[in-house]
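Here is what each chain is made of, one letter per residue.
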Amino acid sequence: MSQGLSVTGYLSEEEIKNSPGIPSESRRQKGPVAVIECIQDIPCNPCEASCRAGAITVGEDITNLPSLDEEKCVGCQTCVPICPGQAIFMVDESLPNGRATVMMPYEFLPLPDEGEIVTALDRSGKKLGDAKVTSVRKTERMDETAVVTIEIPKEWSMRARAFRLKR
Amino acid sequence: MQRCEMVSVGAGPAGLAAAIEAARSGVQVVVYDENDRPGGQLFKQIHKFFGSKEHRAQERGFDIGRQLLEEARQLGVEVSLNSVVLGIYENRAMNVMIRDRIEQVKAQKILVATGASENMIPFAGWTLPGVIGAGAAQTLANIHGIRPGNRLLMVGSGNVGLVVAYQMLQAGCRVAAVIDAAPKIGGYGVHAAKVARYGVPFLMSHTVKEAHGMDRVQGATIIQVDEKWKAISGTEKEMDVDTICLAVGLNPMTQLLQMSGCKMVYVPNLGGRVPAHDLNQETTLPGIYVAGDVSGIEEASTAIIEGRIAGLSIAQSLGYLEEQAFLEQREQQLQSMRGLRSGSHGEARGKAKDYLNAVMKG
Numbered sequence: 001m002s003q004g005l006s007v008t009g010y011l012s013e014e015e016i017k018n019s020p021g022i023p024s025e026s027r028r029q030k031g032p033v034a035v036i037e038c039i040q041d042i043p044c045n046p047c048e049a050s051c052r053a054g055a056i057t058v059g060e061d062i063t064n065l066p067s068l069d070e071e072k073c074v075g076c077q078t079c080v081p082i083c084p085g086q087a088i089f090m091v092d093e094s095l096p097n098g099r100a101t102v103m104m105p106y107e108f109l110p111l112p113d114e115g116e117i118v119t120a121l122d123r124s125g126k127k128l129g130d131a132k133v134t135s136v137r138k139t140e141r142m143d144e145t146a147v148v149t150i151e152i153p154k155e156w157s158m159r160a161r162a163f164r165l166k167r
Numbered sequence: 168m169q170r171c172e173m174v175s176v177g178a179g180p181a182g183l184a185a186a187i188e189a190a191r192s193g194v195q196v197v198v199y200d201e202n203d204r205p206g207g208q209l210f211k212q213i214h215k216f217f218g219s220k221e222h223r224a225q226e227r228g229f230d231i232g233r234q235l236l237e238e239a240r241q242l243g244v245e246v247s248l249n250s251v252v253l254g255i256y257e258n259r260a261m262n263v264m265i266r267d268r269i270e271q272v273k274a275q276k277i278l279v280a281t282g283a284s285e286n287m288i289p290f291a292g293w294t295l296p297g298v299i300g301a302g303a304a305q306t307l308a309n310i311h312g313i314r315p316g317n318r319l320l321m322v323g324s325g326n327v328g329l330v331v332a333y334q335m336l337q338a339g340c341r342v343a344a345v346i347d348a349a350p351k352i353g354g355y356g357v358h359a360a361k362v363a364r365y366g367v368p369f370l371m372s373h374t375v376k377e378a379h380g381m382d383r384v385q386g387a388t389i390i391q392v393d394e395k396w397k398a399i400s401g402t403e404k405e406m407d408v409d410t411i412c413l414a415v416g417l418n419p420m421t422q423l424l425q426m427s428g429c430k431m432v433y434v435p436n437l438g439g440r441v442p443a444h445d446l447n448q449e450t451t452l453p454g455i456y457v458a459g460d461v462s463g464i465e466e467a468s469t470a471i472i473e474g475r476i477a478g479l480s481i482a483q484s485l486g487y488l489e490e491q492a493f494l495e496q497r498e499q500q501l502q503s504m505r506g507l508r509s510g511s512h513g514e515a516r517g518k519a520k521d522y523l524n525a526v527m528k529g
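Going down the list, the protein sequences come from chains A and B. 1 is the number of the first residue of the first sequence in the working numbering; add one for each residue after it. 168 is the number of the first residue of the second sequence in the working numbering; add one for each residue after it.
Simulated from the structure, these hints should not be mistaken for lab results. This structure is a prediction, so every number in the text was calculated from the model and none was measured. Honestly, I wouldn't trust all of these hints.
[Stated by the list, open to error] Here are the simulated EDC-like pairs of lysine to aspartate or glutamate, each with C-alpha atoms no more than 20 Å apart in a straight line: (1) B:Lys-220 to A:Glu-60; (2) B:Lys-220 to A:Asp-61; (3) B:Lys-351 to B:Glu-394; (4) A:Lys-132 to A:Glu-151.
Using the sequences plus the hints, can you model the full thing?
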């Protein structure tokens with residue numbers, strides 16, 4: 001049976017590899033960059049309009065997949081809470097000591113505290129291990145979607161896409 | 168008998184959008200809704216919408232509902248709640264039950280925007296308290312702030328099932344699984360991914376066999392089905408749940424249209440029997456228009472556009488809008504609609520709508 005987003009509910013390695021929204025490893029190591037996990041031709045384009053650096057292109061036909069110009073992306077985070085599908089993350093692999101951060105949209109209450117230790121989850125909800133919350137942002141413009149950054153071992157940077165509070 | 172220029176039956180996204188467009192040109196509009204609150208399903212929609220800026224993408228449904236209501240109010244649209252349109256008779260006469268009295272109303276143009284009702288599937292124990300529709304789960308959690316259950320099984324992986332499963336997680340439920348008899352997830356992958364990443368398993372080619380419990384749901388048996396949706400015995404699994412939530416499709420609420428004699432067409436891709444209608448949303452009965460889910464199951468964004476087109480067309484046919492201006496504005500709306508009816512999820516709906524338009528031409 002063919003696995004993948006439309007069967008398991010989460011992206012397979014193959015689907016990620018073939019997506020036009022995924023930055024290269026070398027770009028991720030240079031600093032924060034958007035990771036757009038949007039692989040279906042659904043009619044949607046707020047990400048394109050939100051990007052002031054012009055790094056995201058959907059085009060005239062709004063069912064096109066968003067494609068990322070990784071050199072133009074400045075890692076500003078604006079697109080993360082904007083995506084109605086919560087499919088955009090910000091990954092930074094430039095940290096020392098084999099660490100990385102993943103920034104993700106978060107629509108649950110209570111919000112974690114900065115510095116709190118939470119459990120990082122992969123796309124299927126499987127526990128990866130402990131992660132430290134390094135930033136929690138929620139402004140009026142984000143319309144109730146908070147953006148939470150967790151620090152994790154670098155090996156998880158392209159796997160950790162959610163977290164669960166331990167309390 | 169009370170007379171008015173336009174009546175909209177239903178104050179959901181389609182009805183409100185139509186009322187706004189018509190009133191903007193000067194049409195006198197009354198909107199009847201049987202509920203005690205306006206907005207249809209919009210106020211349950213706490214997620215951000217898809218689409219483009221013109222479709223109000225990235226805005227949440229209830230915010231769009233608030234804005235539509237405010238706009239309608241400013242344009243002098245009368246919204247009459249607790250008002251049930253009982254029947255549409257010859258020459259667009261209607262009986263309307265407003266609270267405990269019945270009024271006769273005659274309108275030059277009627278828009279039927281009554282929406283849809285949820286499908287249910289029968290299984291052993293399906294009448295137990297705890298077996299609920301996804302709409303009910305949303306009403307409880309998002310309107311009344313009540314968690315429908317603690318451990319929930321979601322049946323159906325269309326966008327409704329996926330969005331509600333996510334909202335149940337937000338409400339603090341544990342979602343045991345999302346199951347679907349189809350081999351693939353029906354809704355948007357991004358909605359599924361939001362649920363999967365919190366550990367909810369997706370079991371495709373599965374259906375509910377039985378709900379357990381004496382006076383309420385205390386568990387469920389699910390079973391795998393083959394490609395013909397036939398249960399495969401021996402594949403049963405026990406689910407420890409107290410709530411079974413059904414999100415197995417919607418059915419257009421066409422009773423008023425059927426009784427008034429509109430031509431109906433069976434279109435599976437639009438949810439069943441739907442009224443034939445033209446590009447202006449007018450049915451085979453002159454002066455009776457349709458918009459939103461009653462004219463074929465789609466979504467709030469498309470309902471709003473259909474409503475706008477119906478409202479513009481009504482304004483034009485009543486002499487409030489020049490033909491040239493009407494055609495230009497309608498083209499704008501149709502253009503906007505094309506975006507929403509494309510892609511692998513929307514294309515089939517677009518084709519089905521073209522078919523309905525073709526039926527009108529004969």
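We went through each hint and held it up to the structure:
no.: 1; hint: B:Lys-220 to A:Glu-60; result: 13 Å, holds
no.: 2; hint: B:Lys-220 to A:Asp-61; result: 13 Å, holds
no.: 3; hint: B:Lys-351 to B:Glu-394; result: 11 Å, holds
no.: 4; hint: A:Lys-132 to A:Glu-151; result: 5 Å, holds
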